[in-house]
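All chains should be built: construct the whole structure from the sequences, respecting the hints.
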Amino acid sequence: MKLSREDLIESEATMNQMRNAIYHLQRFMKLNGITEIREKMRRMGRNIARSYVNYWIPIEFIDLNNVNNAIATIYRKILDSSVSVDVNESNQTILVKDNDCALCKYKFDDIEIAGCEIIAGLVSEMINLINEKRVNQNKLKLELMDITQSFTFGDKSCLQIYKYKFGGK
Amino acid sequence: MGAIQWLLKRITKIFGRNTSSLFYILLYREILKEINEITQNEKDSLIILREIGKRAASESCERHSSVFKFMPGSPKKVLEYFELLWVVVFGKELKEGELTYEEIPKEESIYNDYIIKIKACPICAGYGMDEEDTFDFQKIAEVDTEGLACGLCGMLESVANFILKIKHNDYRINIVEQQCIAKGGDSLRFICKIYDVAEWKELTSTHIQDKLQSDVLFEERLEEEVTQETKIDIVDRIQDIISLDKVDELLDEPLEGIKTKLAELIEDKLNMAPERFFEYFKNYEDDMIRILGFLAVHLFNEYGQYVEKILENETFAKAVGYIFKQLRDFTLLFIPIDVINDYHNLLIEFLDGLAPEEMVDNVRQFTGKDDINFLFEGAQMALENLGIDFTELKENIWEELRREREDGLIASDQTALNKTEENFPKILRIVQELMMLFSEILTLPIRVLISESHYGLKTAINSVVSEEEGLVGSIKDRIDTIFDYIQELRT
Chain A
1 MKLSREDLIE SEATMNQMRN AIYHLQRFMK LNGITEIREK MRRMGRNIAR SYVNYWIPIE
61 FIDLNNVNNA IATIYRKILD SSVSVDVNES NQTILVKDND CALCKYKFDD IEIAGCEIIA
121 GLVSEMINLI NEKRVNQNKL KLELMDITQS FTFGDKSCLQ IYKYKFGGK
Chain B
1001 MGAIQWLLKR ITKIFGRNTS SLFYILLYRE ILKEINEITQ NEKDSLIILR EIGKRAASES
1061 CERHSSVFKF MPGSPKKVLE YFELLWVVVF GKELKEGELT YEEIPKEESI YNDYIIKIKA
1121 CPICAGYGMD EEDTFDFQKI AEVDTEGLAC GLCGMLESVA NFILKIKHND YRINIVEQQC
1181 IAKGGDSLRF ICKIYDVAEW KELTSTHIQD KLQSDVLFEE RLEEEVTQET KIDIVDRIQD
1241 IISLDKVDEL LDEPLEGIKT KLAELIEDKL NMAPERFFEY FKNYEDDMIR ILGFLAVHLF
1301 NEYGQYVEKI LENETFAKAV GYIFKQLRDF TLLFIPIDVI NDYHNLLIEF LDGLAPEEMV
1361 DNVRQFTGKD DINFLFEGAQ MALENLGIDF TELKENIWEE LRREREDGLI ASDQTALNKT
1421 EENFPKILRI VQELMMLFSE ILTLPIRVLI SESHYGLKTA INSVVSEEEG LVGSIKDRID
1481 TIFDYIQELR T
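Here the protein sequences line up with chains A and B, keeping their order.
For the first sequence, the working numbering begins at 1 and goes up steadily by one.
For the second sequence, the working numbering begins at 1001 and goes up steadily by one.
Don't read these hints as lab results, they were simulated from the structure.
Just to be clear, a hint being listed does not mean it is correct.
What the hints assert, rightly or not - In silico negatives: residues of chain A with every beta carbon more than 10 Å from chain B:
1. A21
2. N54
3. E89
4. S90
5. Q149
Unchecked claim - Calculated pairs, SDA-like style, for lysine to any residue (alpha carbon to alpha carbon, straight line, at most 25 Å):
6. K133(A) - S82(A)
7. K105(A) - E1059(B)
8. K156(A) - V1143(B)
9. K1095(B) - I9(A)
10. K1309(B) - S82(A)
11. K1309(B) - K30(A)
12. K1092(B) - F1300(B)
13. K1117(B) - E6(A)
14. K30(A) - H1168(B)
15. K1043(B) - H24(A)
16. K2(A) - V1143(B)
Even glycine gets a Cβ: it sits at the ideal position worked out from N, Cα and C.
Now the structure itself:
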């Protein structure tokens, strides 16, 4: 019997080797003169989100009231991470702090781009895809701004910053 | 599957960093697509993904080399333990009957080839159903290329060869994906070939760059010998005598058989008669038992040095210290003295015939209670080595907590409190399961003594609970549940 992707949602796989593979991919990219590695990592995350939403979404609609829970659920269900989510309404940013990032663990001196760019790409795209077809003034649109801290750079946690805007039509 | 293999599988799973399997395979797909965007050549992309998989796994193995020290040391055994390799690499267990294993006779060679078939490949699961599945196997003209699981295959090969290197074995295993579901096959199929080191060097001497048709650059890397090879620690010495596969074999033997096997091992590996070996401990029998407690803690720590890492944190070190003290008090308080004496008799029975008579007589002078105390003393010494300062501990944990509160060190914020409340029932469930497990194990020694002349240890274990399931099944289920609860607690 063949497995389907639905079958894989509830089961778990070990990331240890795949995490290393991401950094070997980055080295391969650098060696071949690829300069926009950050954008490529984010694109990988967005592509993962586009496939993932066909099998699972955390909730049908995301606005400012539930965005922190929605983000925490995505991290928990997909990445098995318990994150703290801080929504700052004054500058319309969301800070996600992950102390056990699935894609960053060790410091690499030759790497400039954190593996969790992929995760951040996934999370923002997933939220945008969930809200895409809704006509609602309160719906949120997320954009990944920056990753200011990462285990990859020797920090003690990964800190992802998203910018949100209201995207009603 | 042997008990030790099962246990190692559970431990490997619990200490790995898990995500959903769907995220894993989608990330895997994206890595392949990114490689392909650079190479613009599907065949080259598969070669590079395999190499990246190999390097990623080697890096991981080197970081956690202690885990592999108890693995079997021959290529045939490594392949027989393929499911364990699969769990190390992928983290997901295979269902019963999902993996089949076929030996292909190979003339003029010590080792045969092996075909390993996995009915349902998770990497290929649903491949082609989503718009983003853009890597196209149709573009590959050659039929002998690997498939989507080539990266996974590289990882498996790396882990297998890392084990052989760390066990100083002169053979290496080549694992190639022979059939892929995404390419139209009916299952995932690996062909595993075993080579001696000279053949292996020749086989791997072709540069990756030379295999590629496109102009991309790929950094060549010489296959390195395992750096830990020179570092001989206590686990190296023990695994020289006993490894995972040997433990499994031993469990199939009756007590007398185990004694014979141990005697053979001592003669073979230490070049001395068992009696002479045990003579070193004559008049130091109490120390011998202490060493067992000491070794138990250090062996447990050798798996990834997790104990040591946990004890680096002062608060955790104290907590573990208090738990250890409680356990020591409770053991003698709650385990019936007859049961303790049963274990003592089992120890005497075991030494009888292996160790000098005088030594056996000396052990007879001890009581079961003495044995337990010696074991705990040894374990305490090991825990002190690993960072617990027992002299700093209060009489009990409540006094410590009272002091911590005065110092204001225990967090009182709502989130931490909520988390504790949420986790408390889970902790209780773990304690409950541990208690049940403990009581099941307590019934064991007398059964072993009764059945030792007729049956193996496993027979004794299986005879305790019920004919249908046996104690071993019950213990396995209970440990499975404990691991599940711990995993739940970790998230």
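Quickly compare the C-alpha distance for K1092(B) and F1300(B) to 25 Å and report which way the hint goes. At roughly 23 Å apart (the allowed maximum being 25 Å), F1300(B) and K1092(B) satisfy the hint.
For the pair we were handed, K105(A) and E1059(B), check the Cα-Cα distance against 25 Å. holds, 13 Å
Non-interface label on Q149(A), tested against every C-beta of chain B at 10 Å: holds, 18 Å
Taking the shortest Cβ-to-Cβ distance between N54(A) and chain B, state whether it exceeds 10 Å. Violated, because the least Cβ-Cβ distance between N54(A) and chain B comes to about 6 Å, which does not exceed 10 Å.
Does E89(A) sit more than 10 Å from chain B, CB to CB? Per Cβ check, E89(A) is outside 10 Å of chain B; nearest 20 Å; holds.
Would you mind confirming whether the straight-line C-alpha gap from K156(A) to V1143(B) stays at or under 25 Å? Outside the cut-off at roughly 48 Å; violated.
Does K1095(B) pair with I9(A) here, judged by a C-alpha cut-off of 25 Å? With a Cα-Cα distance of about 16 Å, the restraint between K1095(B) and I9(A) holds, given a limit of 25 Å.
Mind checking the alpha carbons of K133(A) and S82(A) for me, to see if they're no more than 25 Å apart? Violated: K133(A) and S82(A) sit about 29 Å apart, past 25 Å.
CA of K1309(B) to CA of K30(A), is that 25 Å or under? violated, 35 Å
Checking one constraint from the list: CA of K1043(B) to CA of H24(A), max 25 Å. Satisfied? holds, 19 Å
Classify the label on A21(A) as holds or violated, using whether its beta-carbon is more than 10 Å from each beta-carbon of chain B. Given that some Cβ of chain B is not farther than 10 Å from that of A21(A), nearest at about 4 Å, it is violated.
Can you confirm whether the C-alpha distance between K1309(B) and S82(A) stays at or below 25 Å? Holds: K1309(B) and S82(A) sit about 21 Å apart, inside 25 Å.
Hint compliance for this structure: hints 1, 2, 6, 8, 11, 14 are not met, and every other hint is.
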